[in-house]
Amino acid sequence: MIPTPVQQADQIFVTLQHRLVSYLPAAFQSVADVILSVIAIVLVFALLFAVTTVLERKGLGRIQNRYGPNRVGPAGFFQPLADGVKSLTKEDLVPRTADQMVHFMAPVLLVLAAFLAYAVLPVGRNMVLANLNAGILFFFAVGTLVELAVFMAGWSSRNKYSLLGAMRAIAQMISYEVPLVLASIVVIMAAGSLSTVSIVDMQTGYSGIWPHWFLFTPWGIAGFILFMIAATAESNRSPFDLPEGESEIIAGYYIEYSGFKFALFFLGEYLGMFATSGLAITLFLGGWAAPFSFLTWIPSYLWFFAKLLLLIVIFIWIRGTLPRLRMDQLMSFAWQFMLPMTLINVFVAGVWHFMPAGVIRWGVCALVLVVPAFLLSRGLKQGKKFAARTYRFAE
Amino acid sequence: MFGEGILKGLAETARNFLGSYVSKNRLTTVQYPEERLPQIEAYRNFPFLVYDGDDWQQGLRCVSCFICEKECPPKCIIIEKSTDKKPDAVGKPQFYPKVFNIDVSVCMSCQICVEVCPFDAIKMDTDYELSTTNRFSALLWDKHRLAKSNEHYHKIHPTEAAAVDAALATERAKVAAKAKAAAEAKPAAAPATNPNGASTTAADKPVPTASEK
Amino acid sequence: MTATFLILAAITIAGTVAAMAMRNLIHCVLALTLGFAGLAALYLQLGAQFVGLTQILVYVGAVAILAVFVIMMTQHPTQTTESIFSSFWFSGSLIAALVFAVLGWAIHSSRLPYGIAPPHAEAAVQPIGDALMHKYVLPLEIMGLLLTAALIGAVVLAIHEKRRSA
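Each protein sequence line maps, in turn, to chains L, D and V. Per my numbering, the first sequence runs over residues 1 to 395. Per my numbering, the second sequence runs over residues 1001 to 1213. Per my numbering, the third sequence runs over residues 2001 to 2166.
It cannot be assumed that every hint is accurate.
Unchecked claim - Keeping only pairs whose Cα atoms sit at most 25 Å apart, straight-line, the calculated SDA-like set for lysine to any residue is: (1) D:K1008 to L:L310; (2) D:K1081 to D:D1055; (3) D:K1008 to L:Q329; (4) L:K160 to V:N2024; (5) D:K1024 to L:P69; (6) L:K160 to V:A2062; (7) L:K90 to L:I250; (8) D:K1075 to D:E1129; (9) D:K1024 to L:W317; (10) D:K1024 to L:G61; (11) D:K1148 to D:D1052; (12) L:K160 to L:M101; (13) D:K1008 to L:L309; (14) L:K90 to D:R1135; (15) D:K1008 to L:A373; (16) D:K1008 to L:S332; (17) D:K1008 to L:G379; (18) L:K90 to D:L1139; (19) D:K1008 to L:L322; (20) D:K1008 to L:Y67; (21) D:K1008 to L:A366; (22) L:K160 to V:R2023; (23) L:K160 to V:I2065; (24) D:K1008 to L:R57; (25) L:K86 to D:T1132; (26) D:K1148 to D:R1036; (27) L:K160 to V:I2071; (28) L:K86 to D:S1131; (29) D:K1085 to D:A1183; (30) V:K2135 to L:S193; (31) V:K2135 to L:F354.
As the list claims (entries may be wrong) - Here are the computed distance ranges between Cβ atoms for each label pair: (32) D:Y1032 to V:V2155: 53 to 59 Å; (33) L:F294 to V:L2146: 50 to 56 Å; (34) V:I2152 to L:G363: 31 to 37 Å; (35) V:M2072 to L:F354: 43 to 49 Å; (36) L:F374 to V:L2146: 32 to 38 Å; (37) V:L2151 to L:V44: 37 to 43 Å; (38) L:V44 to V:L2103: 45 to 51 Å; (39) V:M2073 to D:S1023: 51 to 57 Å; (40) V:N2024 to D:D1127: 52 to 58 Å.
The set of hints was computed from the structure by calculation and includes no laboratory data. Positions of the beta carbon are idealized from the N, C-alpha and C atoms, including for glycine.
Given the sequences, and given the hints that come with them, work out the whole structure.
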């Protein structure tokens, strides 16, 4: 069967990779295959990081009625180049009392963990580095390495602000990892698989022109919103950016980093944001699938990156809008709203599975989600008594 | 409930975002090197030395009285007095500074030197584009670097400069009247009177006491 | 005995030995984490994805962080000056050697085949889930109950009761 031009455009990178690899001797082909994919991932997402920093600074500027960077290159779009040169040529300062080895390893581990997560993200049809049958588990497993890297950075700097920032970051990440995982469990329940590729494959069908995304179910919408809130907290983005609250602890765990190591932290943070956004796309927004059946001629990878950019824009928009939460608000939100809501969502996904399809199923599931959300958010509002709470072992 | 406050906030930021592209009036910042905000008249940062006329060396008002050097809190002014004299702003022969340096890396822009100067010789400048590539010698400003014309002073602080000029004009008139009186008295008195001595007796400013302090 | 296995085994052993030998306790925990990660990689290399990834999730993600927190809350940050060999290192290593010998004997005398790869090395997630939810559902539930009780107990221990302390 000869592929149509549309299919060729869709698979252009896959065929290119095969073509390149086929020039090598057979013994090296599988290794070269992986190396090529890794290089592609590193280049593409590092470039996306560069673009995002500009977009973010320009967007935040416009939100605050400023221009944002507009000097380097056309409309300031070469700004990351200048920033990169600057961070590369800056002096790499290490505090004298710092734990040199751990201080050095922390940013490396962070970026490594951030890049590892992309191994299981299908960025296009047949475009995934490793189709693990426990792909989502792999994603969350390497996500925990970030916590370790953050702790290493905070502890090895021998700075009270670093340590406080690291403590905050770890507490926040551990707290929000629970709702993050629980929010994605609904999709795993519906798909019956932990493999990201088969989850996306399940969402590629269309009824009429409408896609079969998991977003278009009650538990899908709720799961997506809960997932995105937890993802914002996981990637330490505003309004959950307490670990690096500039007004309180200056920059948190990377206060003692300068030059390229600081840039690595920055890169790692953004890569984490892209990775969780990519997982949200994979789980709820149909991965690389087109949003309408008549748009399937556009290559799949373009759809993935379009959705990714959309989520990034939402992240930037929210960052420009919301102020930072307080620590107790953060924790009570995680444990008193997010956790019950995700558990209810898991229950709703089960109900959805066993009820016959139709409007009644929609109504029942939506009701079961909306009523607790209403009650829980009321409870969050009323529970503000601000009584001094003390902990026996933390004094 | 259900985050309608968040939605309201998102709408507000979206309005700002789009509005900044539509109306220029929203933008609070200016594109600095090309556009500049009009300067406030009271703005000041580092001191400069005023000179009258065209020749900066001849017209310097400073008589090297050391008051500013002594009063300067961070001690950033260095003056060396000349051995000869030249006529000052009002026409009396005075010493002048052979060396007048200000270390602007030390200067804290307190304006005390300006307040204590009895000759209106040192004033505050408004130039703020002062970055250099050398942090030692390039920030130690010498007499030439510090000397700026009275017209410059008029340009940056018009009202203040006008008041200073008026005061100086009355001063000059007084000195001129005294010189005229002395000239009229000269033919009557001994013709061999030292003109230097005549001007020192005519001086009504506390210059000698200040330099002796 | 592939090269991958040798490298991973070397990393695991190096990590665990460093965890015993290092002076700074935080360094010990980090080295131990390296050991955990090496072990997880060994599982992955054997095709046991679920076990390997759970090893990372639980040991690297949770246990290491927990250990680090415990050390920071209890221990002085100064380095210990005493020798890394405790006074009863001899009896300790004797016990370790004995345990190793027993384990080795048990494995060696086992009727199960060893040394050759089993036909279905791929331990997929689905069979594990099925087994947990059907055959072993009661132990799973009991374990969940136990952990919940432990969680509640920790909260009860940590929070001051106003009326009790006053």
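Do the hints match the structure? See the list:
The straight-line distance between the Cα atoms of K1008 of chain D and L310 of chain L is roughly 20 Å, inside the 25 Å bound, and the hint therefore holds. Among the hinted pairs, K1081 of chain D with D1055 of chain D is consistent with the structure: their alpha-carbon atoms are about 19 Å apart, no more than 25 Å. With a CA separation close to 20 Å, the supplied pair K1008 of chain D and Q329 of chain L stays within the 25 Å bound. With a CA separation close to 19 Å, the supplied pair K160 of chain L and N2024 of chain V stays within the 25 Å bound.
Note on K1024 of chain D and P69 of chain L: the hinted pairing holds, with a Cα-Cα distance of about 17 Å set against a maximum of 25 Å. Distance hint between K160 of chain L and A2062 of chain V is fulfilled; the C-alpha atoms sit about 23 Å from each other, no more than 25 Å. Of the pairs offered as hints, the one joining K90 of chain L and I250 of chain L holds, with about 20 Å between alpha carbons and a cut-off of 25 Å not exceeded. Only pairs whose Cα atoms come within 25 Å are accepted, and K1075 of chain D paired with E1129 of chain D is accepted, the gap being roughly 23 Å.
Taking the CA atoms of K1024 of chain D and W317 of chain L, the gap is near 21 Å; set against the 25 Å cutoff, the hint holds. A distance of roughly 14 Å separates the Cα atoms of K1024 of chain D and G61 of chain L; the hinted pair therefore holds under the 25 Å criterion. Straight-line distance between C-alpha atoms of K1148 of chain D and D1052 of chain D comes to about 9 Å, which keeps the hinted pair within the 25 Å bound. Straight-line distance between C-alpha atoms of K160 of chain L and M101 of chain L comes to about 19 Å, which keeps the hinted pair within the 25 Å bound.
Our distance criterion of 25 Å between C-alpha atoms is met by K1008 of chain D and L309 of chain L, whose separation comes to about 23 Å. Distance check on the hinted pair: K90 of chain L and R1135 of chain D sit about 19 Å apart at the alpha-carbon level, within 25 Å; holds. For a cut-off of 25 Å, the pair hint linking K1008 of chain D to A373 of chain L stands: about 19 Å separates their Cα positions. With a CA separation close to 23 Å, the supplied pair K1008 of chain D and S332 of chain L stays within the 25 Å bound.
At most 25 Å may separate the alpha-carbon atoms for a hinted pair to count; K1008 of chain D and G379 of chain L meet this at roughly 22 Å. Among the hinted pairs, K90 of chain L with L1139 of chain D is consistent with the structure: their alpha-carbon atoms are about 24 Å apart, no more than 25 Å. Using a Cα cut-off of 25 Å, the hinted pair K1008 of chain D and L322 of chain L holds, with the two alpha carbons roughly 11 Å apart. For the given pair, K1008 of chain D sits about 23 Å from Y67 of chain L by alpha-carbon distance, which is consistent with the 25 Å threshold.
Proposed proximity of K1008 of chain D and A366 of chain L is supported: the alpha carbons are some 24 Å apart, at most 25 Å. Of the supplied pair hints, the one linking K160 of chain L and R2023 of chain V holds, its CA atoms being roughly 22 Å apart against a limit of 25 Å. With a C-alpha separation of about 18 Å, the suggested pairing of K160 of chain L with I2065 of chain V holds against the 25 Å cut-off. For the suggested pair K1008 of chain D and R57 of chain L, the alpha carbons sit about 22 Å apart, so the restraint of at most 25 Å is met.
At roughly 19 Å between alpha-carbon atoms, K86 of chain L and T1132 of chain D fall within 25 Å of each other, so this suggested pair holds. Restraint check: the Cα-Cα separation between K1148 of chain D and R1036 of chain D comes to about 22 Å, which is no more than 25 Å; the hinted pair holds. For a cut-off of 25 Å, the pair hint linking K160 of chain L to I2071 of chain V stands: about 16 Å separates their Cα positions. A distance of roughly 19 Å separates the Cα atoms of K86 of chain L and S1131 of chain D; the hinted pair therefore holds under the 25 Å criterion.
Under the criterion of a C-alpha separation no larger than 25 Å, the hint pairing K1085 of chain D with A1183 of chain D is consistent with the structure, at around 21 Å. Restraint check for K2135 of chain V and S193 of chain L: satisfied, since their Cα atoms lie roughly 20 Å apart, inside the 25 Å limit. Among the hinted pairs, K2135 of chain V with F354 of chain L is consistent with the structure: their alpha-carbon atoms are about 22 Å apart, no more than 25 Å. For the pair Y1032 of chain D and V2155 of chain V, the beta carbons lie near 56 Å from each other, so the given range of 53 to 59 Å is met.
Distance hint check for F294 of chain L and L2146 of chain V: the Cβ-Cβ separation is about 55 Å, which falls inside the suggested range of 50 to 56 Å. Restraint check, I2152 of chain V to G363 of chain L: a C-beta distance of roughly 36 Å satisfies the suggested window 31 to 37 Å. For M2072 of chain V paired with F354 of chain L, a C-beta distance near 47 Å keeps the hint of 43 to 49 Å intact. Separation of F374 of chain L from L2146 of chain V is about 34 Å and conforms to the stated range, judged on CB atoms against 32 to 38 Å.
Restraint check, L2151 of chain V to V44 of chain L: a C-beta distance of roughly 42 Å satisfies the suggested window 37 to 43 Å. Distance hint check for V44 of chain L and L2103 of chain V: the Cβ-Cβ separation is about 48 Å, which falls inside the suggested range of 45 to 51 Å. Between M2073 of chain V and S1023 of chain D the C-beta distance comes to about 55 Å, which sits within the given range of 51 to 57 Å. Separated by about 55 Å at the C-beta atoms, N2024 of chain V and D1127 of chain D satisfy the suggested range of 52 to 58 Å.
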